[in-house]
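Two independent chains are provided; combine them into the complex using the hints.
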Amino acid sequence: MAAVLEAKNVTKIFGGGFLTREEENVAVNNISMTLDQKNPKIIAVAGESGSGKTTLARLLLGIASPTTGTVEYDGKDLSTISSSERREFRREVQPIFQDPYGSYNPFYKVDHVLFTPIKNFKMAESRDEAVDMVEKALELVGLVPAETLGRLPHQLSGGQRQRVMVARALLLKPRVILADEPVSAVDASLRATILDAVSKLNKELGMAIVYVTHDLTTAYQISDEIMILYKGNLVEAGDVETVIKNPKHPYTQLLIDSIPEADPGKKWGKLDMEKTQKQILTSPSVGWRK
Amino acid sequence: MTTAKKTSKKSSPSKSEIGIDVQDLKVHYDTPDGVVKAVDGVSFSLRQGERMALVGESGSGKSTLAMALMRLTRAPGRIAGGKVIVGGQDLLDIDEEQMRLQRLDEVALVPQGAMNSLNPVMKIKNQLLDGLYDHQLNKTDKLSKEEQNDIVQALLKSVDLAPAVAEMYPHELSGGMKQRVAIAIATSMQPRVIVADEPTSALDVVVQRNVMQTLGRLQEGLHASIILIGHDMGLVAQFSDHVGVMYAGRLVEVGPVKTVFKAPKHPYTRLLIQSLPTLSNKTDFIGIPGLPATLLNLPEGCAFCLRIGKEDKSKIPWVNVEKDHYIQECKTCADYGK
Chain H
3 MAAVLEAKNV
13 TKIFGGGFLT
23 REEENVAVNN
33 ISMTLDQKNP
43 KIIAVAGESG
53 SGKTTLARLL
63 LGIASPTTGT
73 VEYDGKDLST
83 ISSSERREFR
93 REVQPIFQDP
103 YGSYNPFYKV
113 DHVLFTPIKN
123 FKMAESRDEA
133 VDMVEKALEL
143 VGLVPAETLG
153 RLPHQLSGGQ
163 RQRVMVARAL
173 LLKPRVILAD
183 EPVSAVDASL
193 RATILDAVSK
203 LNKELGMAIV
213 YVTHDLTTAY
223 QISDEIMILY
233 KGNLVEAGDV
243 ETVIKNPKHP
253 YTQLLIDSIP
263 EADPGKKWGK
273 LDMEKTQKQI
283 LTSPSVGWRK
Chain P
34 MTTAKKTSKK
44 SSPSKSEIGI
54 DVQDLKVHYD
64 TPDGVVKAVD
74 GVSFSLRQGE
84 RMALVGESGS
94 GKSTLAMALM
104 RLTRAPGRIA
114 GGKVIVGGQD
124 LLDIDEEQMR
134 LQRLDEVALV
144 PQGAMNSLNP
154 VMKIKNQLLD
164 GLYDHQLNKT
174 DKLSKEEQND
184 IVQALLKSVD
194 LAPAVAEMYP
204 HELSGGMKQR
214 VAIAIATSMQ
224 PRVIVADEPT
234 SALDVVVQRN
244 VMQTLGRLQE
254 GLHASIILIG
264 HDMGLVAQFS
274 DHVGVMYAGR
284 LVEVGPVKTV
294 FKAPKHPYTR
304 LLIQSLPTLS
314 NKTDFIGIPG
324 LPATLLNLPE
334 GCAFCLRIGK
344 EDKSKIPWVN
354 VEKDHYIQEC
364 KTCADYGK
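Residue numbers (the working numbering), protein chains in the order written: chain H, 3 to 292; chain P, 34 to 371.
It is possible that part of the hints are untrue.
[As the list claims (entries may be wrong)] Which chain P residues face chain H? A few, computed with CB under 8 Å, are given here:
#1 Val238
#2 Val239
#3 Arg242
#4 Gln246
#5 Asp265
#6 Val290
#7 Ile306
#8 Ser308
#9 Pro310
#10 Thr311
#11 Leu312
#12 Lys315
#13 Ile319
#14 Gly320
#15 Ile321
Keep in mind the hints are simulated off the structure, nothing from the lab.
A virtual CB, placed ideally from N, CA and C, is assigned to each residue, including glycine.
Next comes chain P alone, as it looks inside the complex (with noise of 0.2 Å):
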């Protein structure tokens, strides 16, 4: 059974094993008017059994590198340079049908909105089967009914569903629902790494909450590295240990979730997180001056000067300010809005 080959294959996974490694991921788009650098450098690598958030505004490039990290980006954008290594194989060098056999299998994807993403006129049963059928080599070893049974009972069981819906369409599923059968399809070849772009953004909270639990009880079972895309700072802040801020296409700070909301060190984290309302006391939350960056032609050096109407050409460095937390470090707008 494919299961049992798999957990033989990564049996015994030791807390220092590379999860993920992505070295200067770059995903461009080709418009008419130029060359838009969604993903412009982009570095980071995660252990396995670590969370990983990726925060920023809309266009900030956080879905876009999410889908390049499954390598589904379409055209016209393309990746433009870097590598996405999982283990020990760069899937941006390796040629199309071995890339399909890696999807679901070493690296899987939960959808945004699981209600586009699931086949509206086939049986979660069968939905739940199609990845590992479709990724089951050996054609002979064709699976029982009770031993497909028993495979859709124990996916369903993990994501807490009941075992009826294995006969239910998806209309008959509410969002909470339908988004649970899109995890236990992620976790169903135990990938080691998991790709959540905004899993939960069209849930209603007490529902986003349960899935949450869900999805991390699943992920640290599998000791597989999730990155969680997302632009709630609440979600993030509760679910992941490390949290990467995106601006313009890069990331501007790196680093466990602890330090990074205490005490943020790149300017835009910082008006990020001072723009948060919360339920502890009322103040004058603030907004972020400024509009976001537009990616198309946009100039080398600091981003985000251009936001609050400075000016930075140096090439920007990356500074350690504390234990794994980095940030890019601009002389100019360093210490804006403390």
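Just chain H, with the same shape it has in the complex (with noise of 0.2 Å):
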């Protein structure tokens, strides 16, 4: 089995320890997910604040390291990796963060974000070639590179800030993609266009893709599998179409019941709330657990 990105039993704590007084706070816990070479998906992480599921991606990014368990890139412990493996892990894991302006020094333009990773991983042999290759990441996103390039960042918006980051991410021809809430501070109709950029990047370019997020419909919408998380556990994972479909878990069924969808047809809210909140404590998880 060719994983490019395996998270292995991975469990992360915050607070406690000898000398505080804090108690502890498992924000994931003993989760497990491979993201394979062979066969790219796009995963969906989803969960409510609280879930996990921003820790789970920080893992998988290296930002923080598992109290126990292991993320392995190319069947490598992330933890141990030389520096020169570790260059190479952030050349082909590349993050889309959630707020598309805090990724931008403000005095420099758009081009800084897009041309530094060029030259710092030296992709382009001239100037020429690196424009070449801004251009057409820019173009892939939906973005019209005369109209984007030689901009300050407060000049765009914020649809089009987003876009740029996805460029960003697929200029350094990544494996893995790992986005986090890359649509909640962007208005709805703009959230298509984005989410249709990553779709792409998976289907045309074969990349893999962590999609995390808050949102069930969109991740219905893009991806193949899902895992949902609640309070660092995962529920319930599997095919996007089975789990959403054919919800098993209380805390899937209370989480798409409570979505209000743009149908005044549909009833919203059926299910009883304490009821389900008693169930969703005594429910073993449902799905995959590799």
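Take a look at the structure:
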């Protein structure tokens, strides 16, 4: 099995320890997931605030290290790889973050975030080649290079800024893209365009994508598989069609039931809250566990 | 007691009574580059007990409109014209002190992100009573400890919060609980109109559902009109009776939720609804092309035409397409995206 990136029984605990009175907070509890090399998929990691989805993403990115368990890149433990391997990892696993404004230095033109990685990883022989690469990447996410390059971040709309971040991520031709709530700061009408660009990266360029989100609707639309997290635990996982259409775990059922659908004919919130909440605590997790 | 007096004032509400009537409301921002017409001649009315949602993208003017309804527009913004009639009185035509007394009593706001609207160093019970005290004209009938406590507990109960919350500070509450407190404050004087500006945009879906159910129940109990400002079309579809779609500071389509969602008539509404992903089937959900209009020096005529690379400078008329359902019908872009 060729896995690009694999989390093996990772647990992340914050707080606790000898000298504090703080209680331990298990942000991620014994979760395993695999991003396949041969058959790259879009995997959605979904949950509400406090579910541990962002912590899991940070573990996969190597920004945080697991308390127990390992994250492996190409079969090598992230915590022990050499600095040159880590450099390669940094190129092959690219993040897209939530706030498209926080990712920019407001004093630099947007060109900066696009040309710097090319320079750092020596991906182009000449300036012309670099420009060519950047323009192709921008076009792929539906931006017009002439209208984008040379501008300052605040001169672009939120949707454009986020699409530039997607372009930046794909510029490095990574094998994995980890998108943490890439569209939650963007207007609904622009979400489709950004998610479409992300989905293209998978379908056309064969990149494996982890889509971290609280929004089950967009997760359903673009992903192949889904993992539902609740308070650090994986409660349900599997093929997205099965999980959304036929949720087995009461928490998944509650989540789906709570989404207001843009169809006035559909009834919102059919489930009994208290009853469901009790069931959540006693139900075992559903779906694949690797 | 204040609450008792109020009930008599608004007794025997009839369904046909107008809760709020907004006529040709204009809010302008004066900037060095020119006048930004954030709300450009918006009119609508709402009967008591009805729910209306105003939707639109960021920058469409919906929050500016919400603030103007409360007359809370701040400089460089100013209300440039129009009427906001609540309880037979034009709120834009009274002095500042009278307006202050109308807020909470007649029109109340459930703010966006209640986390930042509560006072961090004041106990919840005092925040619940603050408004009541402030509006109590007759300072002589000061409430006794028991009366105060009764009011606080009744308010907390009305939003499904535990009695112990009274003694807590905002930082001890979760986001959903804080939003409930904000709702309790907003409904504490039984207003005729509740303006809810994205009341649940920062909350998780399960909490959102609970909070909206509470808000809806209270609004029905008070027979108040509610204006829900938001961009979540799903929430709008589930919560309100009527919907108004805003684009570039103007209303472009108004109608009952059921008919607007089923058969949107304005091209912008059509695209807005098409761009929504659903849970029922996987489709290519498509975004709205182009960028939202810049409100600076927006020309006369159809604003949506500009977004799709067309132009129509003629005066766009309101057209009644079916019962209670109106659109701004521009001949040039009417069939776009069909």
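Cross-check of the supplied hints:
With 8 Å as the threshold, the beta carbon of P/Val238 comes within range of chain H, its nearest partner Cβ sitting at about 4 Å, so the hint holds. Hint on P/Val239 holds. Least Cβ distance to chain H is approximately 5 Å, under the 8 Å limit. Contact between P/Arg242 and chain H, as hinted, is supported at the beta carbon level, the nearest pair being about 4 Å apart and thus within 8 Å. Given hint, P/Gln246 at the interface with chain H, holds; its Cβ is 7 Å from that chain's nearest Cβ, closer than 8 Å.
Restraint check, P/Asp265 versus chain H: the minimum CB separation of about 7 Å is within 8 Å; hint holds. Interface hint at P/Val290: satisfied, since its Cβ lies 5 Å from the closest Cβ of chain H, which is below the 8 Å cut-off. The criterion of a C-beta within 8 Å of any C-beta in chain H is met by P/Ile306, whose closest approach is roughly 7 Å, and the hint holds. At its closest, the beta carbon of P/Ser308 sits 5 Å from a beta carbon of chain H; the interface hint therefore holds under the 8 Å criterion.
Against a cut-off of 8 Å between C-beta atoms, the interface hint on P/Pro310 holds, since the closest Cβ of chain H lies about 4 Å away. Given the 8 Å rule on beta carbons, the hint for P/Thr311 holds: about 7 Å separates it from the nearest Cβ of chain H. Evaluation of the P/Leu312 hint against chain H yields a held restraint, the C-beta minimum of about 6 Å falling below 8 Å. At its closest, the beta carbon of P/Lys315 sits 6 Å from a beta carbon of chain H; the interface hint therefore holds under the 8 Å criterion.
Hint status for P/Ile319 relative to chain H: holds, with the closest Cβ pair at about 6 Å, below 8 Å. Interface hint status for P/Gly320: upheld, as the beta-carbon distance to the closest one in chain H is roughly 4 Å, under 8 Å. Because the closest C-beta pair between P/Ile321 and chain H is about 4 Å apart, less than 8 Å, the hint holds.
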